[in-house]
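Just need the whole structure built from these sequences, with the hints factored in.
Chain residues, written in single-letter form:
Number of protein chains: 8
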Amino acid sequence: MDFKMDWQRQDRIGLPEAIHAQSKSPEQIAAVLSEARALGVAVLVTRLDPEKHRALGPECVDTLDYDPLSRTAILAGSGAPQALDLDVAIVTGGLADMPTAREAARTLAFSGVTVTEYPDIGVAGLWRLMERIEDIRSHDVVIAVAGMEGAIFSVLGGLIAAPLIAVPAPVGDGVAEGGHAALTSALASCASGILSVNIGNGFGAAHAAMRMARLKRPAGCDRYLNRDSYCLRG
Amino acid sequence: MDFKMDWQRQDRIGLPEAIHAQSKSPEQIAAVLSEARALGVAVLVTRLDPEKHRALGPECVDTLDYDPLSRTAILAGSGAPQALDLDVAIVTGGLADMPTAREAARTLAFSGVTVTEYPDIGVAGLWRLMERIEDIRSHDVVIAVAGMEGAIFSVLGGLIAAPLIAVPAPVGDGVAEGGHAALTSALASCASGILSVNIGNGFGAAHAAMRMARLKRPAGCDRYLNRDSYCLRG
Amino acid sequence: MDFKMDWQRQDRIGLPEAIHAQSKSPEQIAAVLSEARALGVAVLVTRLDPEKHRALGPECVDTLDYDPLSRTAILAGSGAPQALDLDVAIVTGGLADMPTAREAARTLAFSGVTVTEYPDIGVAGLWRLMERIEDIRSHDVVIAVAGMEGAIFSVLGGLIAAPLIAVPAPVGDGVAEGGHAALTSALASCASGILSVNIGNGFGAAHAAMRMARLKRPAGCDRYLNRDSYCLRG
Amino acid sequence: MDFKMDWQRQDRIGLPEAIHAQSKSPEQIAAVLSEARALGVAVLVTRLDPEKHRALGPECVDTLDYDPLSRTAILAGSGAPQALDLDVAIVTGGLADMPTAREAARTLAFSGVTVTEYPDIGVAGLWRLMERIEDIRSHDVVIAVAGMEGAIFSVLGGLIAAPLIAVPAPVGDGVAEGGHAALTSALASCASGILSVNIGNGFGAAHAAMRMARLKRPAGCDRYLNRDSYCLRG
Amino acid sequence: MDFKMDWQRQDRIGLPEAIHAQSKSPEQIAAVLSEARALGVAVLVTRLDPEKHRALGPECVDTLDYDPLSRTAILAGSGAPQALDLDVAIVTGGLADMPTAREAARTLAFSGVTVTEYPDIGVAGLWRLMERIEDIRSHDVVIAVAGMEGAIFSVLGGLIAAPLIAVPAPVGDGVAEGGHAALTSALASCASGILSVNIGNGFGAAHAAMRMARLKRPAGCDRYLNRDSYCLRG
Amino acid sequence: MDFKMDWQRQDRIGLPEAIHAQSKSPEQIAAVLSEARALGVAVLVTRLDPEKHRALGPECVDTLDYDPLSRTAILAGSGAPQALDLDVAIVTGGLADMPTAREAARTLAFSGVTVTEYPDIGVAGLWRLMERIEDIRSHDVVIAVAGMEGAIFSVLGGLIAAPLIAVPAPVGDGVAEGGHAALTSALASCASGILSVNIGNGFGAAHAAMRMARLKRPAGCDRYLNRDSYCLRG
Amino acid sequence: MDFKMDWQRQDRIGLPEAIHAQSKSPEQIAAVLSEARALGVAVLVTRLDPEKHRALGPECVDTLDYDPLSRTAILAGSGAPQALDLDVAIVTGGLADMPTAREAARTLAFSGVTVTEYPDIGVAGLWRLMERIEDIRSHDVVIAVAGMEGAIFSVLGGLIAAPLIAVPAPVGDGVAEGGHAALTSALASCASGILSVNIGNGFGAAHAAMRMARLKRPAGCDRYLNRDSYCLRG
Amino acid sequence: MDFKMDWQRQDRIGLPEAIHAQSKSPEQIAAVLSEARALGVAVLVTRLDPEKHRALGPECVDTLDYDPLSRTAILAGSGAPQALDLDVAIVTGGLADMPTAREAARTLAFSGVTVTEYPDIGVAGLWRLMERIEDIRSHDVVIAVAGMEGAIFSVLGGLIAAPLIAVPAPVGDGVAEGGHAALTSALASCASGILSVNIGNGFGAAHAAMRMARLKRPAGCDRYLNRDSYCLRG
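Residue numbers (our numbering), protein chains in the order written: chain A, 1 to 234; chain R, 235 to 468; chain Y, 469 to 702; chain E, 703 to 936; chain X, 937 to 1170; chain V, 1171 to 1404; chain C, 1405 to 1638; chain U, 1639 to 1872.
One thing to keep in mind: the hints can contain errors.
[To be verified] Capping the alpha-carbon separation at 27 Å, the derived lysine-lysine pairs in DSS-like fashion look like this:
#1 E/K754 <-> R/K286
#2 R/K238 <-> R/K286
#3 V/K1222 <-> U/K1690
#4 V/K1386 <-> A/K216
#5 C/K1456 <-> C/K1408
#6 Y/K520 <-> A/K52
#7 C/K1620 <-> X/K988
#8 Y/K520 <-> Y/K472
#9 R/K286 <-> V/K1222
Derived from the structure by calculation, the hints contain no laboratory data.
Okay, here's the thing in structure tokens:
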């Protein structure tokens, strides 16, 4: 094959390798999944369109937990699932942000992170946010997903103390087409200490949150020599 | 001279002609002001830098009410000043937005509009806005001036019923340089019915508000045949 | 469901909540409409493509007044329809601007605003505008919709005294692709006091006009405590 | 020297070579002018800032007809001046467009073209244009110079039959900064058959007009074999 | 109907009205054509895709001269065809530029202009241009159509004396996508006096050339009072 | 004054308020500092140019710890300094990135965070990074500052497990002018879980890191009721 | 036909003419191939989509060596194939870069260049590059193909001495859409002496490498008078 | 010091380390030069403005060969100068391109490469190029420097067989400001096998050419183990 999975990434930097399905053929994806099944390794597949999912063949499809909204599939591993000690809130501005938010949620859940979703909290109806702000504040990390003008990033940034990861969603017309307006708002926010990932990159936001889980680990655990030592509970 | 003042604009569309100083020499500006003094016409000068103001010569300078922050100068007319029946709130996100906000305020005041300023109400400290929101709601029209990510436009848009004019301020670093991020946020807002003018255009926002004053006039007054008929008081 | 209608918006800021169909599935839209029918609430649906309209199912479709040009559907409420005291002119530059203009017209009509359309008045044939300018001047508010270079915004701005809302239409080739040239012309106009909304945002222009209706209300009516108090007639 | 004047251009394509001063040192410019004086060739210098003009030295300066507004200098030749059979109107939107317009006017005058200027005819006051439109129509070619949103290009394009060359001026704030909005309007105009040159390129517009003079020449004169044959009068 | 043909444009500015089919339905186009047939007026239709052409119905299709490459259709008028005294060369850089070039050619031919095409003369093989340069020089006006980097505009501009209209073609990958690179090259050319129209605007280039035909008319013919007086031969 | 310090921010979200000097006059800055001195509050001033620093007056200057490279000034408070339990590495690609990096370092040090700088580790000489990678890995959080193409973000992202905050520096010529290329590289990185702030925003990166310190606090400490409760040591 | 093959290019500059299929119809392509077969000339076809390949007709298809990944087809010539003395490495960042890389590889192989592919060497897993770097160093020229942020260009540039041609691949989401981020990284690299071609231009990169083969030729061979003299081995 | 010279780069990849003066203080530059003098190493300094050059102090200045046009300084080493076996032509479009071209020339000369300059060969006067083309063809590598529309890159690319490195110069007004138009033309050229570096990057173009010198070395010399082995002559 013309590519190699980086199965060592989990051990090297604590983030499991995943399959980005967009540029791969059904045959290539099925082959990697088959290899993973043989190894007993759990695998996350992202950007897997429904048609490509179907094209993997019934045998392969049967082994996958597929979610069409986020276009993610999960192959369970043979061992006990991972359970990273982290509690993440995912706040979305509107319904159109759900595919991106769900990609983040599924990526986190794949690694055993606790996820709570706070959907449809746009600032145009500020009361929606205010009703939930105390709950949102109680999590370790907050991921906010919004398209259009992304004003929620700044409002949240001024109200919570936790790390805040802004994920611009590819949602908007005219000047906001493609999510660029939301990205700009995340980067230029008047609220300080907001972090951003690329437009639509729920997967990246999840991995960024997972990097922060290291800060909660017991002091003696400071290298990723092998998978077992990675602060797993479970 | 290579240009002519449109002294008829007041009668034609209810908006007084003004002098945009940026592209005019001190000699040209002084000549127009001299002509206006002779006619007894009140004149507003915008984008008048302090150096250019000084270069108008002491005689001319003495007749002007000059404000360096907004770079505006006002020449009083010989008759009673105009007093347009309109009550406008001007909300600013931060100190850097003041030059733009003050240009709007001075333009409105020049035509006798009642103006109340609500400075430094950025959404990063939402309590600042919440403390004043009832007061802001009480005005006929709200002009909001903000640079950086301009999140305040959306928050305000969801809280007030009045016409809301967003003025992006040329304030911001990196991706927000020049005020483009704030402009995009104004246009792409998830709160509906927000209107926008060009970056830094406090003058234009003021004139847009003044157009709305027509809606408050008694029913019989529907054309601008001459200046006196323009719903003036005082 | 992952989203909640902001049924209180009408009471809070005088603008009825609407359903932006683009990011919602037929099932989600049908569910909200069913809820609205049960409540007897009138609802406007925007950006509803013909296919999605059909996919709502015959039962739902029968209750809707659907217009494919503007991609809007209206569900009538159980009470007397709203009748906001406002008289709006909608001027369009060319035939390609009609979908955007009609979205504005239908949004206004939904709230009982009087609307007059002035179609196909491009400045390339200035006589078309000049023939109608007296009529256009007679309205409370003027909404102008134009794509390509949007020159009509400036020409109108110099001829009328009413509030002028420019709606750039997503019409144009090459450098004007997507309506960005028309937007820029609206914002950079040499005629002062022109206001702009996002490209193609007829709905937003209508809501902006409706905010101005407040200026015509009797003096004692200054808050939106409940729906009945909202300056309704009829 | 590291560059060579293309003295043959006049003979080859009918357009006299000129000195673009921006990227040349005073010493280099003075040397070319000295060479031209020796040859008795008339020369036009463009983009010559006042400081650079002064730096040419008194001897050189004395031989030049310098205009600081357009930043052009003209060295007269030893023979009879050229007199191209062409009658051009130059229309400007506002005072800030004058440097660009004057560069075009001086370039045309240098080759003996008849030029009439129509200054300060912005569409925000349409009556200014309407008062002069019959006069403007009477010329062979019309050059229109405008910054900001450049709406005048479309209005003129619909009113005149002559070739219309739009010159976007580097005038405007915010979204119109640098003249890009005016350029876009020229290219995307709804009036057909409008031609454009680069922002601020008055020199190029003049040369484009001069190319059209060929169409007026007697039929037998169809090549530029040498300077004398170039349809000169005088 | 929501639009009106500007049948007076021919008389007003010498350019016949045309139907831009892109934003019109087959029904609307067929109706205008039917009206034109009744009046005996010749009509040019542009941007008419093959499917839309077919959708006009067999009766309408039979009356049209349709060219799928340029997506233009011509309805002959009842009188003698127009024959404008103008001789135009159309030079193209490559095969992909043909649709744009042919739109210009058909627009010119519709008004009786003499057109000669010089296809596939890209500068990467300079000999192709050099073989034809003498022929190209012999025309009244040269229209050059090129995508990608548009280098041919500058090369031609330095070799010919005639008016040169650059038409950027929407051809190119990566940084040249959509024809923007070619447009920029046309505007920024180091050869002076080159004129440009919008990307892909063969129709506009043709009309611009037709405006120049006025310069060739006998001196007494200086207004477009009616169609017959428009310098027609034939 | 037209602005109010948000002295409650520390208690609300754990991030001390700071003075962004860019849009404030020396008089305004001196007044706030005077107020802070009276309250005994420590204050960080950012974007304070040397000239503006001098203009604060000798009395004010004497109380400040000023660093011209980062353009930051620190006013010590009356109580014991804060000492947040966090250990941050700051990696820079080259010397030009130092102003941005030092702003981050001084912002962190102001709140008692332990900071280690790893200067001049560009990927063009990969050995520089490889020599230090083990040390870099040992920190809680890594802030990487780079201009030009920002390749170091991706290389670091694949080598370390800690949270990685990319700060694009406003460094680069041509296509990389202003730091936009580095920003794009941070957002589009093929290494997953990288977070970004705006160009040149060392202050924001520091605050983002400080938000992560919450993850290291003892479990019972979950709200910022007052300053003392904020997980301080020392 | 409206275009002519530049069969002389091989002799003029050593690069064989090729057919860029994108803007040509199947009929046009088949005609050129038929002409080439008659002449016994080998031809490379690029950007030939599978559908267009099929549309060439079975007779033509049978004579072609077609590769759908790179969308290239090769028609063998009648003589001995060319064998240019050059040894090129092609490094790719990920699987999505393969179509571009393979276009380069096939273009090189068509001229007899020795090609070695190093697939899937992204810098997120630096060990993949480090394992192969000694091999990569051994080639005459290195072509690197990468999308997204293109960090591999800089890393490679600091590790190898050979000419390095960066080919940005049209791969990436959000801010990296279309390959522009990778292009910018190639141009702005902190590693010196890196060269770039347009996004996705594997063909151009191959031809650029082939130009370098001239440097390896024996000293006496310095012009391309005819094909045989072109340093062929065979 | 906060940075370290990469003195090993010469041995590692054959390109000598240089000092990019832009982001360094005079003190830092003087210190590195002092270190280099002590080691007897020759050093090239780029982007050294005349003021910064003077600020190095008389002692340092006396040891440097400084050229203000290219803003480069050269410190001679103690050994015999390098003499790389390579013969490069540098072609420039106009006088404004000289600073960039000279930076390339001085960088090449520093490493002993033979350089021939062909100044002021713009395509607007094609004869200038045609007069020199045979000479230009005789060099190993051609570097072309051009601003504005950069048409010369394509013309040259079709005429020469040697490797062609396009260097866009930061020269141009309006749409060509900053050199972006020339860059786009280089990348999008219809002539195949053209390579590009960043705008104004004469240094990078020179290093790219120097990488090609490796192709001329005797076969046995394939690694840069130490400086002596680097194919030096003299």
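- Enumerate the violated hints, using their earlier numbering and listing them in ascending order. Checked against the structure, the only hint that fails is number 7, while the rest are satisfied.
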